[in-house]
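Input sequences plus hints: build the corresponding full structure.
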Amino acid sequence: MTTTVAGEAARYLDAVRTQLGDLAADERQEVLEDLAVHLEEVAADADGPLEQILGRPEDFVAELRASAGMAGPGPDRPGGGVAAARDRLGTWRQAAAGSRAGRWIDALLPELAPGWWVLRGYLAVLALSVLGGEHHFPHFPVPTLLGSSVFGLAAVAAAAVASVQLGRRHRQVGRPWTITAGEVLLVLGTMIALGQLRGAVGPQYVFADPAPIHSGSLTYPDGSPITNLFPYGSDGRLLDGVLLYDQDGRPVSLAGGEPVNPYDDRLQTDYRLDANGAEVPNLYPLDQQLREYRYGPQGESVVTEPVRPPAISPPRLAPTTTTASPATTSTSAAPATTATTAPAPAG
Amino acid sequence: MTEKTGTDTTQLLKGVLDLAVLAVVREADGYGYDILRRLRDAGLEEVGDASVYGTLRRLFAAGALSSYVVPSDEGPHRKYYALTPSGGDLLERGTKTWCQFADTLDHLVGTDRKEAA
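For the protein sequence lines, the chains are A and B, in the order given.
Under this note's numbering, the first residue of the first sequence carries the number 1, and numbering increases by one thereafter.
Under this note's numbering, the first residue of the second sequence carries the number 1, and numbering increases by one thereafter.
There could be a bad hint or two in this list.
What the hints assert, rightly or not - Subject to a maximum C-alpha distance of 25 Å in a straight line, what follows is the list of computed DMTMM-like cross-link-like pairs (lysine to aspartate or glutamate):
#, chain 1, residue 1, chain 2, residue 2
1, B, K79, A, E30
2, B, K14, A, E51
3, B, K14, B, D41
Think of the hints as simulated: they come from the structure by calculation, not from any bench.
Structure representation (structure tokens):
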């Protein structure tokens with residue numbers, strides 16, 4: 001027999017339940033099931049508060065025990081200490097419930113209960129997921145179950161329904177202490193797990209070495225490295241063995257600076273040697289190989305690829321025109337050596 | 001004065017509530033709240049909910065009452081109590097005891113009243 005008890009009758013029944021804490025679970029359940037029906041009917045006919053009609057819950061229970069021939073709670077009874085503590089807690093709760101704020105909270109709690117039932121179902125699935133060894137929740141707060149968020153979502157729906165059913169049942173017959181203990185564990189466990197999960201929620205990122213393949217010092221303004229120089233003739237042919245110098249006559253070398261990542265040995269450069277056996281760092285293009293480390297079932301392997309010149313399309317140049325340059329005229333050279341060429345016809 | 005009288009009635013009721021409940025159920029099967037109302041309608045206005053409910057439980061446990069559940073579309077399912085044969089015997093014996101006791105008390109009270117007057 002199940003009865004939905006709400007409002008004042010539910011609160012009165014709760015208080016009676018507390019007073020009957022010493023009874024065996026099945027006996028208490030039976031008493032409360034019958035009383036639930038009774039209280040509903042009394043409340044429906046009542047003009048005033050239930051306590052005014054039935055007396056205080058503790059007096060009601062005392063009268064019930066006396067007339068039914070039930071033993072009262074005593075300290076010599078097994079588990080009497082726990083029951084006595086629960087009685088004291090019940091008395092304290094009733095005192096608190098008598099205050100204005102207490103009545104407000106007391107009225108609010110039953111309203112909030114269904115929300116909590118759904119939440120605890122969700123938390124149970126989350127706990128199952130974490131206990132099952134899931135470390136990654138790409139669609140948090142949807143828990144991952146058996147590696148799938150879809151399973152997780154289905155489990156949450158099922159658990160929420162089961163939890164609500166359980167909650168409705170316990171509202172009528174009282175909830176065993178094991179449920180309360182389980183809920184406390186669930187909430188504590190969730191708080192601990194959430195602390196650890198912070199890095200595990202959302203999309204999964206794989207660490208990538210941001211250091212560019214570069215061991216030289218020349219970069220573009222945006223920081224991207226120049227690792228080699230490929231000189232082309234105006235006819236579009238790649239030149240080989242080109243020596244480059246800057247405005248002060250210093251060799252333009254890409255190997256002058258500190259390597260960006262000293263552990264990065266993917267780019268290998270073989271410098272040509274001069275007659276004395278010294279490396280010539282500014283002879284371009286540099287002879288380079290790119291090493292790739294591969295990890296497979298056969299273990300680690302290294303694949304070396306020569307660095308190839310980029311595919312370019314050299315610009316088509318306009319015909320050469322030479323004009324008098326101020327730099328030439330300011331020198332001590334004779335004006336006779338200044339080359340003059342007729343300007344190219346316009347158009 | 002009224003309170004004093006009420007307390008007295010409550011004390012008296014404790015001894016005879018079993019008999020009163022059995023008598024009401026003999027008239028017709030009933031559920032807890034219904035039995036309570038019938039007792040009150042019969043004049044036992046002081047009877048408490050918990051007392052009647054506890055008495056029903058005890059009589060049921062002793063085999064004097066049987067119970068059955070009647071489903072209800074409008075409200076909760078109700079547990080009805082009915083008199084068993086052993087409950088009938090108990091009621092019969094209780095009635096005899098009560099009548100003898102009431103006679104004795106009538107006689108006693110009547111004597112006292114005469115003496116007082």
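Okay, the hints, checked on the actual structure:
With a CA separation close to 11 Å, the supplied pair B/K79 and A/E30 stays within the 25 Å bound. A C-alpha spacing of about 22 Å is found between B/K14 and A/E51, which places the hinted pair at or below 25 Å, so the restraint holds. For the given pair, B/K14 sits about 18 Å from B/D41 by alpha-carbon distance, which is consistent with the 25 Å threshold.
Consistency note: the structure conflicts with none of the earlier hints.
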